[in-house]
Amino acid sequence: PHFEFRFPLYGHVDAAGLAVELRAALEPWHVLGEEGAVGGTARYVDSSLERLQVRVTGELADRYAVTCHGWTLPLQRVGDADHVAGVRFRAWQPPSCLHPTIPVQSPLVFDVVDTAAGRSVGGCTYHVMHPAGRNYETLPVNDFEAQGRRLARFQSLGHSPGPLRPRVLPPHPAAPCTLDLRRTVFHHGGLG
Numbered sequence: 004p005h006f007e008f009r010f011p012l013y014g015h016v017d018a019a020g021l022a023v024e025l026r027a028a029l030e031p032w033h034v035l036g037e038e039g040a041v042g043g044t045a046r047y048v049d050s051s052l053e054r055l056q057v058r059v060t061g062e063l064a065d066r067y068a069v070t071c072h073g074w075t076l077p078l079q080r081v082g083d084a085d086h087v088a089g090v091r092f093r094a095w096q097p098p099s100c101l102h103p104t105i106p107v108q109s110p111l112v113f114d115v116v117d118t119a120a121g122r123s124v125g126g127c128t129y130h131v132m133h134p135a136g137r138n139y140e141t142l143p144v145n146d147f148e149a150q151g152r153r154l155a156r157f158q159s160l161g162h163s164p165g166p167l168r169p170r171v172l173p174p175h176p177a178a179p180c181t182l183d184l185r186r187t188v189f190h191h192g193g194l195g
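Just so it is clear: in the sequence shown, position 177 is 180 by the working numbering, and no numbers are missing.
In short, the hints are calculated from the structure, not lab data.
Being a predicted model, the structure only gives us computed values, none of them experimental.
Idealized CB from N, CA, C, for every residue including glycine.
Just to be clear, a hint being listed does not mean it is correct.
[Claimed, not checked] Restraint-style ranges between C-beta atoms, simulated for each label pair:
id : residue 1 : residue 2 : range
1  : D65       : V144      : 35 to 41 Å
2  : H102      : P143      : 26 to 32 Å
3  : L154      : L35       : 30 to 36 Å
4  : E148      : H102      : 42 to 48 Å
5  : R46       : A119      : 49 to 55 Å
6  : F147      : P103      : 35 to 41 Å
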């Protein structure tokens, strides 16, 4: 129960014999330098980044790749048929944050790509906020309402149409199992 509470399930989808599961993951937030504020100074926290875990169950072989915004996930085998990777992305654009020129990168579009055919055979979309863009007027009253809101932000459709050639981002030595979408802005023209 503790794992499910701390790392809630966003949703899962099946495509081409692969099960793709998205869960919340830990993302440290940086404390920024001092800025002038009314009555003194303030040290803001950069809460603009989020991270999620992607777990793929099934045999990928050389035929399939799982992508986010067209970038191949650096999936690592953790069991007989389980693979995991992290995705780090800019979820919000607060006035004070690191890298203020990197745009918001959500919603996230995940694809299971048949590399031989060059097409997506299925996928899903994850929204950071309500898919229609509306704000919630109140906080959730209990964990069931919170879970309902999380599940509403996941759509088991919305994968990329048309030809798709997955791009590969060179792994970062400090986080070789994480696709940091902020880095894609500087490689091959950014998102999508």
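Hints, one by one, checked against the model:
| no. | hint | in the structure |
| --- | --- | --- |
| 1 | D65 / V144: 35 to 41 Å | 49 Å, violated |
| 2 | H102 / P143: 26 to 32 Å | 31 Å, holds |
| 3 | L154 / L35: 30 to 36 Å | 33 Å, holds |
| 4 | E148 / H102: 42 to 48 Å | 34 Å, violated |
| 5 | R46 / A119: 49 to 55 Å | 52 Å, holds |
| 6 | F147 / P103: 35 to 41 Å | 37 Å, holds |
This entry does not satisfy hints 1, 4, going by the numbered hints stated previously.
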